[in-house]
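Let the sequences and hints guide you as you build the complete structure.
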Amino acid sequence: WRHFKDSGIPLILMIGGSTGVGKSTVAAELAYRLNVARTQSTDMMREVIRSYLTPEVAPTLQYSSFDAWRGLPLQHNAEAESNSDRVVDGYLSQVATMRPAIQAAMDRAIQEQEPLILEGVHILPSHLDLARISERAIVIPLILSTIEKDVLRQRLSRRGSETRQRNASRYLEHLEAIWELQGFLTQESEAAQITVLPTGDIETTVSEVLDDIAKEVTRRFPPHPKSLRAKD
Numbered sequence: 115w116r117h118f119k120d121s122g123i124p125l126i127l128m129i130g131g132s133t134g135v136g137k138s139t140v141a142a143e144l145a146y147r148l149n150v151a152r153t154q155s156t157d158m159m160r161e162v163i164r165s166y167l168t169p170e171v172a173p174t175l176q177y178s179s180f181d182a183w184r185g186l187p188l189q190h191n192a193e194a195e196s197n198s199d200r201v202v203d204g205y206l207s208q209v210a211t212m213r214p215a216i217q218a219a220m221d222r223a224i225q226e227q228e229p230l231i232l233e234g235v236h237i238l239p240s241h242l243d244l245a246r247i248s249e250r251a252i253v254i255p256l257i258l259s260t261i262e263k264d265v266l267r268q269r270l271s272r273r274g275s276e277t278r279q280r281n282a283s284r285y286l287e288h289l290e291a292i293w294e295l296q297g298f299l300t301q302e303s304e305a306a307q308i309t310v311l312p313t314g315d316i317e318t319t320v321s322e323v324l325d326d327i328a329k330e331v332t333r334r335f336p337p338h339p340k341s342l343r344a345k346d
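Residues in the sequence shown are numbered consecutively from 115, following my numbering.
Simulated from the structure, these hints should not be mistaken for laboratory data. Computed from a predicted model, the values in this text were never measured in an experiment. Yeah, the Cβ is synthetic: ideal placement off N, Cα and C, and Gly gets one too. Just so you know, not all the hints are guaranteed correct.
[As the list claims (entries may be wrong)] Here are the simulated distance ranges between beta carbons:
hint : residue 1 : residue 2 : range
1    : 336       : 289       : 45 to 51 Å
2    : 273       : 318       : 27 to 33 Å
3    : 310       : 148       : 18 to 24 Å
4    : 332       : 215       : 17 to 23 Å
5    : 142       : 263       : 33 to 39 Å
6    : 310       : 243       : 16 to 22 Å
7    : 226       : 286       : 17 to 23 Å
8    : 158       : 334       : 17 to 23 Å
Structure representation (structure tokens):
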């Protein structure tokens with residue numbers, strides 16, 4: 115770790131997943147454990163971007179990730195083979211609009227040599243150019259998921275009761291779309307060999323992420339042979 119800390123190479127941790135899987139909670143705990151001051155939510159990015167891009171320029175940003183399809187052209191929605199396709203297409207349209215801002219946040223972290231935790235539904239590692247920055251940062255992309263739909267339903271209900279700005283009934287109304295979006299994120303990430311972690315227990319999830327970070331740091335900065343002999 116000392117060699118990593120002295121290298122000037124920042125840690126960039128990317129936490130994706132659908133609504134209600136615990137991204138913000140996990141990100142906050144990891145920021146505390148790792149002493150990372152800079153965290154960025156893609157939801158906040160979306161709010162900023164849509165404040166200066168008109169609905170005509172970025173129509174899908176006016177909606178949540180699970181109903182972004184409402185911003186797609188009517189003809190596109192009519193031609194969608196299923197509701198699941200429609201949900202995914204709307205989401206991918208949002209991701210495409212958000213991609214430059216996400217890449218810029220990572221570039222800034224590298225330039226300033228500061229660790230960064232990026233979290234949000236728009237973190238889709240397979241659609242980001244991570245190879246471009248992999249030599250200049252320790253990049254840990256992962257997707258969080260909820261294994262059972264009933265667990266997701268309970269979490270969405272709690273979301274509304276814990277935060278006044280969040281309407282639980284609206285999330286529950288779109289439970290199927292959120293579940294379908296999670297299925298897409300999981301399938302897409304597994305195909306790209308991106309880590310997918312279930313979030314049944316937050317402490318377990320955080321520990322697994324910390325283990326992944328430690329393994330990658332050790333791979334990039336292997337212990338000096340003298341250090342290993344000293345331990346023996």
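Verification of the supplied hints:
Evaluation of the 45 to 51 Å hint for residue 336 and residue 289 yields a pass: the beta carbon distance comes to about 46 Å. Distance hint for residue 273 and residue 318: a CB-CB separation of about 21 Å, inconsistent with the stated range 27 to 33 Å. Restraint check, residue 310 to residue 148: a C-beta distance of roughly 21 Å satisfies the suggested window 18 to 24 Å. Checked against the hint of 17 to 23 Å, the C-beta distance between residue 332 and residue 215 comes to roughly 32 Å, which is inconsistent with it.
Checked against the given bound of 33 to 39 Å, the beta carbons of residue 142 and residue 263, roughly 25 Å apart, lie outside it. For the hinted restraint 16 to 22 Å between residue 310 and residue 243, the CB-CB distance of approximately 21 Å keeps it satisfied. For the hinted restraint 17 to 23 Å between residue 226 and residue 286, the CB-CB distance of approximately 41 Å leaves it violated. Between residue 158 and residue 334 the C-beta distance comes to about 30 Å, which lies outside the given range of 17 to 23 Å.
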